[in-house]
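Letter by letter, the chains look like this.
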Amino acid sequence: MHNSSRRGFMGKAFGAVAGVGAVGSLVAMKKTWDPLPSVKAAGFTTLDMSIYPEGKLITEKWRGKPIFILRKTKEMIDSQTESQATRDIVVAGIHYMIAIGLCTHLGCIPAYIPAEKEFHCACHGGQFDWSGQVTKTPPPRGLDIPPFKIEGNKMILGEVGPEFQAMKDSGVTL
Amino acid sequence: MAHFTKATSVKDWLNQRLAVEKIEKVMASEYWIPKNINFLWAMGMILAITFALLLVSGIFLLMYYNPDVNLAFDSVNYTIMREVDFGWLWRHVHGVAASVVFLVIYIHMFTGIYYGSYKKGREMIWLSGMLLFVTFSAEAFSGYMLPWGQMSYWAGMVITNIFSLGGLHMDGLVEWIRGDYVPAQAFLTRFFMLHVFLLPLAIMGLIGLHFAALRIPHVNNQDGEEIDFDAEAKKYLDGDKAGSKVMRFANDFMSKDMMVVGIYLIFFFYLVFYNYGFAMDPVNFDPANGLKTPTHIYPEWYFLWSYEILRPFSINIGLMAFGFAQVIFMLLPWLDRSPNAVPASRRGKFKIWFWLLLVDMIVLTAMGKLPPQGIFSTIGLVAALGFIALWIALPFITMNEKKV
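Protein sequence lines correspond, in order, to chains A and B. Throughout the first sequence, residue numbering follows the numbering used here, covering 1 to 174 in sequence. Throughout the second sequence, residue numbering follows the numbering used here, covering 175 to 578 in sequence.
One should not assume that every hint holds.
Claimed, not checked - Straight-line C-alpha distance at most 25 Å; calculated DSS-like pairs for lysine-lysine:
#, chain 1, residue 1, chain 2, residue 2
1, B, K466, A, K56
2, B, K576, B, K294
3, B, K196, B, K185
4, B, K577, B, K294
5, B, K525, B, K576
6, A, K61, B, K466
7, B, K196, B, K415
8, A, K12, A, K74
9, B, K209, B, K408
10, B, K209, B, K419
11, B, K430, B, K199
12, B, K466, A, K136
13, B, K294, B, K523
14, B, K209, B, K196
15, A, K117, B, K576
16, B, K543, A, K136
17, A, K40, B, K466
Since the hints were made in silico from the structure, they are not lab data. Since the structure is predicted, the reported quantities are computational estimates derived from the model, not experimental observations.
Work the whole structure out from these sequences, hints included.
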């Protein structure tokens, strides 16, 4: 009895030491898999917004992801529905559609079909209109808008400006 | 201390130290296999041999492969394929085996389902087998990343995105798995580690468990007959070999097994030498490009059925259906409520269920390969709903099955 209670204590003592060690190693393992500081530091891209031609989709790169930039034509701006207009981004008086070019379903790049002014995703058949709103499932929502900050006619992707914050707060993008 | 005597032979020396004779009996000559089996019982050995082929070819590929996003593509497509003598052989053996192993796994699985080899004490065989299926799937996926072509990149993108779990928006988890915002260097190196070390280790452990799980309930037979293995073994050892229902694992059963393996290997190396193209997607011969999705992407054929269950639905429902498809096979021994562990041909409605499931999965596989448009979308949706309906119906159709 005396012995077994001593063994019981030793077992519990070992359990405590092992438990602390296990938690510690799990933290280390989790942190080891986090994106590296160099990866995070490279997560900002500055764009000169004055160079984009009207009505033509241009793809830029930010954090390895394609960024769709479409300077809207006059017909587009005039015909915008209320919900399409909520996604409108205005830099120095010019209207743009700006979005991360990855389908919100599972991340393929939808192709822009200029004739139909629509995006079609080849992977699982999702579709978006020219403003980035979803028109055919499976994507659960419109194309995501990257965090942006407007400075004059420049745009910094990766920083959160008041215009982006407003879109996020109103639920236009995630 | 144990008592050792001067050895009379090398065998005796080993016997005293490692009990090799005892091991040989337990593992081979007195491991009893029913006589009443057919060639489908050789699939386990075929899988073991194919795994060995993957291991050996993988070891040679590993000597030249370079897990760096700038070098990986060329290390496979230039160094291994053009510079290394017989490099093409290792790559084609590895690629063909990775594809064929799933064909044999599916045959092995459906054999088990048909003959009821997951019940009456054989549940652990089924469970460990399904765990092997899951680890083989992870192994196949991680290996698919390594050539760092377009299909590698975009499969990596799509599959890791599944972990955001749709409406839960767990993007942080996805970035953690990738170690980056998109699949990049950290992603490639960690999947390389998983592919060449951690997953093979897990597979080898699970193979051990799978074999061990077979030990006590023994191998099933063609008629689901309950055999008294001790009595039959005694009969065999007493000299009535013809009257006994069992035979030795080695060399008796193995000789038949290896005959099937021989035929399989001729087919396998025919594919390796003359028809390896099916295992080498042409799209993956373009280097990875994060700014361009291939016009039509699809997984390898062995994942198509579960992919097609994901595809026709909106994301949250699709993910739930996909999750259902991943785990439901594990539960088979408990969803089948019938006490009969006999071939499906003698089980009435279960027989229909078995063939419907098989056909449904073939339809899902075919639709998964086709673009998600028009009539194919509809057939895919029906087949996906059919898959779920079949599994939900299983407990009800087996509950009232008559005892045979």
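Here is what the structure says about each hint:
1. B:K466 / A:K56: 17 Å, holds
2. B:K576 / B:K294: This hinted pair holds, its Cα atoms lying about 17 Å apart.
3. B:K196 / B:K185: 12 Å, holds
4. B:K577 / B:K294: 14 Å, holds
5. B:K525 / B:K576: 13 Å, holds
6. A:K61 / B:K466: The hint holds at about 11 Å.
7. B:K196 / B:K415: Measuring from Cα to Cα gives roughly 22 Å; hence the hint holds.
8. A:K12 / A:K74: Outside the cut-off at roughly 75 Å; violated.
9. B:K209 / B:K408: The hint holds at about 15 Å.
10. B:K209 / B:K419: The hint holds at about 6 Å.
11. B:K430 / B:K199: Holds - the C-alpha atoms of K199 of chain B and K430 of chain B are around 19 Å apart, at most 25 Å.
12. B:K466 / A:K136: 21 Å, holds
13. B:K294 / B:K523: 20 Å, holds
14. B:K209 / B:K196: 23 Å, holds
15. A:K117 / B:K576: Between K117 of chain A and K576 of chain B the Cα gap is close to 62 Å, so the pair fails against 25 Å, i.e. violated.
16. B:K543 / A:K136: Holds, at about 20 Å.
17. A:K40 / B:K466: 23 Å, holds
When each numbered hint is compared with the structure, violations occur for hints 8, 15.
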